[in-house]
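Under this note's numbering, the sequence shown is numbered contiguously, ending at residue 126.
Simulated from the structure, these hints should not be mistaken for lab results.
Yeah, the Cβ is synthetic: ideal placement off N, Cα and C, and Gly gets one too.
Any given hint could turn out to be false.
[Stated by the list, open to error] Restraint-style ranges between C-beta atoms, simulated for each label pair:
no.	residue 1	residue 2	range
1	E18	V61	17 to 27 Å
2	P52	R9	10 to 20 Å
3	R7	G90	29 to 39 Å
4	S107	T31	14 to 24 Å
5	E37	E74	15 to 25 Å
6	E124	N76	11 to 21 Å
7	G90	E125	35 to 45 Å
8	K62	E13	30 to 40 Å
9	K33	K104	12 to 22 Å
10	G90	E37	31 to 41 Å
[Claimed, not checked] Pairs of lysine-lysine, DSS-like flavour, derived with a Cα cap of 25 Å:
no.	residue 1	residue 2
11	K104	K25
12	K20	K6
13	K54	K11
14	K104	K11
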Amino acid sequence: MGKRIRIKMESAEIEAKLNDSKISSKITEKLPIESTVRTWGEEIYFEIPVKESIDNPVKEVEKKDIGYWPEGNCFCIFFGPTPVSSGEKIIPASEVEVIGKVLSDIEELKKVKSGEKVVIEEI
Numbered sequence: 004m005g006k007r008i009r010i011k012m013e014s015a016e017i018e019a020k021l022n023d024s025k026i027s028s029k030i031t032e033k034l035p036i037e038s039t040v041r042t043w044g045e046e047i048y049f050e051i052p053v054k055e056s057i058d059n060p061v062k063e064v065e066k067k068d069i070g071y072w073p074e075g076n077c078f079c080i081f082f083g084p085t086p087v088s089s090g091e092k093i094i095p096a097s098e099v100e101v102i103g104k105v106l107s108d109i110e111e112l113k114k115v116k117s118g119e120k121v122v123i124e125e126i
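Using the sequences and the hints, build the whole thing.
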């Protein structure tokens with residue numbers, strides 16, 4: 004069924020649901036997780052203490068998808084185009100595995116700035 008989580012940043016707070024993947028389980032085991040936000044276009048990403056290979060790599064994601072980026076051991080929240088996107092397609096820097104979905108309104112994510120503290124916790 005997946006776990007519901009809260010992601011709190013200094014200028015935004017959202018709720019999301021992780022799926023039942025191996026990576027989601029590893030993340031859940033480590034909660035709460037604290038990190039520092041980085042932004043890349045309309046993507047928020049940050050390093051987490053999970054280092055895994057991905058089983059289901061994708062090159063394109065949808066708005067509200069949460070991905071795991073193995074190259075940086077990062078948790079990624081996609082809410083619009085990235086610098087390498089084409090039109091409305093949302094393209095990560097390189098392949099990610101989709102590990103969940105944002106349940107909240109994503110508009111407030113546009114206020115989040117690189118350098119903000121972030122905490123992921125189970126609801």
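So, going through the hints one by one against the coordinates:
1. E18 with V61: 17 to 27 Å: Since the Cβ atoms of E18 and V61 sit about 23 Å apart, the hinted range of 17 to 27 Å holds.
2. P52 with R9: 10 to 20 Å: Roughly 18 Å apart at Cβ, these two residues keep to the hinted range, so it holds.
3. R7 with G90: 29 to 39 Å: The hinted range 29 to 39 Å holds for R7 and G90, with Cβ atoms some 32 Å apart.
4. S107 with T31: 14 to 24 Å: Holds, since S107 and T31 (Cβ atoms, about 19 Å apart) stay within the stated range.
5. E37 with E74: 15 to 25 Å: holds (21 Å)
6. E124 with N76: 11 to 21 Å: Because 19 Å falls inside the window, the suggested range holds.
7. G90 with E125: 35 to 45 Å: holds (36 Å)
8. K62 with E13: 30 to 40 Å: Once the Cβ atoms are compared, 31 Å apart, the range 30 to 40 Å for E13 and K62 holds.
9. K33 with K104: 12 to 22 Å: 20 Å Cβ-Cβ, so the 12 to 22 Å window holds.
10. G90 with E37: 31 to 41 Å: Distance hint for G90, E37 holds at roughly 35 Å.
11. K104 with K25: Roughly 16 Å separates the two Cα atoms, so the pair holds.
12. K20 with K6: Judged against 25 Å, a Cα distance of about 6 Å means the pair holds.
13. K54 with K11: Status holds; Cα separation ~22 Å.
14. K104 with K11: Since the Cα atoms of K104 and K11 sit roughly 15 Å apart, the hinted pair holds (cutoff 25 Å).
Consistency note: the structure conflicts with none of the earlier hints.
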